[in-house]
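Here's the letter readout for the chains.
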Amino acid sequence: MTVSDLLQIAVYLGVLTLATPFLGHYMYQVFTGARHLLSPLRPVEQIVYRLGGIDSQTEMRWTAYAWAVLAFNAAGLVFLFVLQLLQGLLPLNPTGLAGVEPFLAFNTAVSFVTNTNWQAYGGEVTLTYFTQMIGLTVQNFVSAGTGIAVLLALTRGLAARSGETLGNFWVDLTRAVIYVLLPLSILWTVAMIGQGVVQNFNDYTTVATLSGETQLIPQGPAASQIAIKQLGTNGGGFFNVNSSHPYENPTPISNFLQMLAILLIPAALTYTYGKMIGSLRQGWVIFAAMMILFVGGLTIMLWAEYSTNPILMEGKEARFGVINSVLWAQATTSASNGSVNAMHSSLSPLAGGVAMLNMLLGEIIFGGVGSGLYGMLIFVILTVFIAGLMVGRTPEYLGKKIESREIQMAIVAVLLPNASVLLLTALAIATETGLASRANPAAHGFSEILYAFASASNNNGSAFAGLNANTPFYNTLLGFAMLIGRFGVIFPVLAIAGSLLPKRVAPPSSGTFPTDRPLFIGLLIAVILIIGALTYFPALTLGPIVQQLLLMGGA
Amino acid sequence: MEKKLQVQARPLFERAIVQRALGDAVRKLDPRQMVKNPVMLVVFVGAIVTSLIVIADVINGRVSGFNVQILLWLWFTVLFANFAEAMAEGRGKAQADALRKTRTQMTARRLHNGKEDRVPAADLKRGDLVVCEAGDVIPGDGEITEGIASVDESAITGESAPVIRESGGDRSAVTGGTRVLSDRIVIRITSEQGNTFLDRMIALVEGAKRQKTPNEIALTILLSGLTIIFLLAVVSLRAFAAYSEAESGLTETTATVPVLVALLVCLIPTTIGGLLSAIGISGMDRMIQRNVLATSGRAVEAAGDVDVLLLDKTGTITLGNRMATNFVPAPQVALDRLADAAQLSSLADETPEGRSIVILAKERFGLRGRELGDLNATFVPFTAQTRMSGVDFPAHGGQAPRSIRKGASDAVKKHIESLGGRFPSEVQSSVDDIAKRGGTPLVVSEGTEILGVIELKDIVKGGMKERFNQLRAMGIRTIMITGDNPLTAAAIAAEAGVDDFMAQATPEDKLRRIRQEQADGHLVAMTGDGTNDAPALAQANVGVAMNTGTQAAREAGNMVDLDSDPTKLIEVVEVGKQLLMTRGALTTFSIANDVAKYFAILPALFGGIYAATPGESGPLAALNIMGLASPESAVLSATIFNALIIVALIPLAIRGVNYRAMGAAAVLQRNLLIFGVGGLIVPFIGIKLIDVIITALGLV
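Residue numbers (my numbering), protein chains in the order written: chain A, 319 to 873; chain B, 246 to 945.
No wet-lab data here; the hints were simulated from the structure. Computed from a predicted structure; not experimentally measured.
Stretch-level coverage of chain B by chain A, calculated; a stretch enters the list once three of its residues show a Cβ under 8 angstroms from a Cβ in chain A:
1. 457-468
2. 486-497
3. 541-553
4. 715-729
5. 834-842
6. 862-869
7. 909-921
From the three backbone atoms N, C-alpha and C, an ideal C-beta is built for every residue, glycine too.
Just need the whole structure built from these sequences, with the hints factored in.
What follows is the structure, given as structure tokens:
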């Protein structure tokens, strides 16, 4: 590792930290209905409400909010599924691609609705421009918007001093898209085009290569989709190899900007959160916990990469160096992004293990847009409950008592993705069909399968590469894993919001369990690691850990 | 007829209790009992499954000594947890028995067919007639059917003056525990003795009707959730292991069902799961040791959450009565003349204030108390009209007649001005000063001359200031309740160091204040004894009724203090906090333990996987950082440690973690260090030790 490597990391984290309060404050203004930079766009917002027949003044109880989330996502799922089946008949199909087969269409529809963007398909060879734009890109926006909306509901539940309602899902979603996701995407699209990412509706280009053969070079509206794939922690690449494709990620600057986009909104939301609950410290504490976990994971990954000799470059981002492959891998698995600029199966085993652990912890290290923070808040609730008792009071967070209802729902939210990963992985490796898709035997093969279910169940969407997941078996199982991982958390989170909402706020005193101090950061991290890591320690032992030990032992 | 109930703190492992608990531990294996504790239920089922496997092995003629040992320790784990609960219950029962015994020792004089016989108070039935004469304690709540008597109800009302109770009309009700001072009355008992409030509470304490408290339920949910997560981890591990072993070319699995059950039992939070109910029962028990009976565990838990204490000034913060602390003479009056007059005027005054004046004069000026009779004097008692008392001396041996008066300054002023005297402005300013300092000024006059002022003060109990400082550090606000005027109240509040006060407080004010605090998110505790306290006691999150209080007050509160000591409220809060802390500490300890157990069992399970040559130790053997002797000893050591730690922590569960009055941040830091960090390290040491021992003994 060189000084310039370290500098790149420092600049990356520095810019991310600096951007947090600015974007965070802006989003606070947007979501509380205050005046903000883009207030002139309000007529657009009003038009959306009128078109959608939405009464923006209606406030929803948690059940109504949950129904709205469910209805909206279910509709999106069906629409995307049907769209793929019929894409052969629809416009913007210069290459004449056929409809998608149902298993794959199901998997892809779930994948994009759940903000996972697991891609069992190869972007340029399976989906038409129309499907990519009307189907996937739209979902890239609204699935990220859904994440933000759910977070807002939870935040309001925590912050409320009285009342019975959590806001309006349609309003939250609309504002998230119009004022946050769209403007940022436009900014990034312009920057990406400036860096040379393609943005056209051309037919694929046929060129003669130097060796005299012909090669088909895909084109398409890539820049716009890439902007939102990163900003919305979607990660679904326009091209099959995602951001290691030169058209998708041409320069070091595009690489940097894309990495920044991955964590930008999730990080800034911690500030928005702090602002909304009336304590910036609480927001920064969560930011700090995320940052420490991020840097910790990154350190282990870098150590694992640089301690293997010689440094393995196969499958890494050769143009930008190992450091950028690792940093990207850490960012993309921490956030539930899943875009890649290197193939994670080519990371050293331990680094691959960290990438897996990032996902297995539930995508809470910055995490997905909205979902990262609400996932983290679940762990905050668990931490407060376990450790809070030790100060001799019934645990409370932000003055609200954490009681059986909250614990029940928090446990459900932790349990469902866990169950999905463990049981489905067990199912896959116990069956012939499941094993047949492996590209490698033994521990690495196990890692491939574990990674797939970890990625799907936590709505990451990155792939380890190697595993052939485009089979009815995997398309179905992974599809369900994604649904469980998304809605198995969203609904408990909304239930917690509803249950916390009417609770009285106990004013803080010196007898209150302090959740805005460094000690709490340490505790939170400890609980995340103990609950998260202990669950998967046996599994990781049999995959990445044993592989790393084999590698180090020279076996 | 000793009324005061005293329960002794008992030694931790009392022989009789331990013996009973050992039996109960086995009886509690009843599945209907086990179902109540999900964590231990999993261990129970695991133990049964392992038993079946061992039995099948025996039938097939293959006996694995290792499996048998695992089996034994799994059953021990279940039994140890049952034992912990039985111990706590046994102690609770013993306390309750002791309470009941002291109650039955009170006797009553029952009238039966016109004849009087002595029966235990506990045997009194509703409608029984009992006789009480001067000196008797009234054995139960009732109504006077015959006679009139003066009754000392000071224990209930705080008023030391006896009250008259007579048959008929609205002064006929008497309360159990009050004392007849004169005359003879016949009382018809109105409350069933075996079913009084106190009896019902004792029954609750015994644990017969123990229900889980809200926090206990929440914690049980968390522990069950963790159990399910680990269950999933272990079940899926079976498949992962099979895959890995097949890929490594191993034919025999080390991940056998008994080993996986052992792993599961080690990982699920058995330490806290096994001790949870013992902690809850012991919390109630610790309340009883302080002579406080709680109606429910919920109340004990709420006590830990309390952050506002409403404390009655009299009896809690100050000694019961005001005391004379100073004489301030008028100009041109000698100090000892004032003292002498003050003493003379108070000789016949039997109120505590009057006595304190006599004592102060004696202590300061060596003036001995004299009998008024000797001096041929006439005592002028206090009346509501004059608001003065005093003494008159006839002319005697050449001395002119003397007329000494003492009383509130305006009353004395009116008195002497009517006689043509003058009230000096210096005296007026002394009066104002004293009032400002929180004292009560009493002006003394002789004839038309003002002699000076006696300062009466509330005496703040020793150590209260420190106590309130501690409470403040714990984040608890204290509010003093008093009937005094705001000026006096403010001065005493400042002296005692309370955070706030309510002056001239009526019961309605109290109730309003409690509601206000609760609306602001606070949890309020208070003590009370009078019937008019009942609404406030019911409204408060923790209402501690004095045992000497009225029936209404006791029904309204959720705790009863048998000692009727309002200061107890502070201890009640501490017991509540200690209960919650113990729960949190053991939960943290239990979860932190898992790290070491993984490092014991996983290398044992997977040490042979992906070995260069099958059968040799593979790469994962490197995780055996404790250097445990063999896979079998590793699994067994972890299981043994897991079982023994339950027993080792029984004393902690029963006694509670060490409690210190500190701020939450400091408490957290301390407990985290002990139970969090300790929980990480202790099992590494413990498992290694057990490994060395069982290897030396040749058990594996």
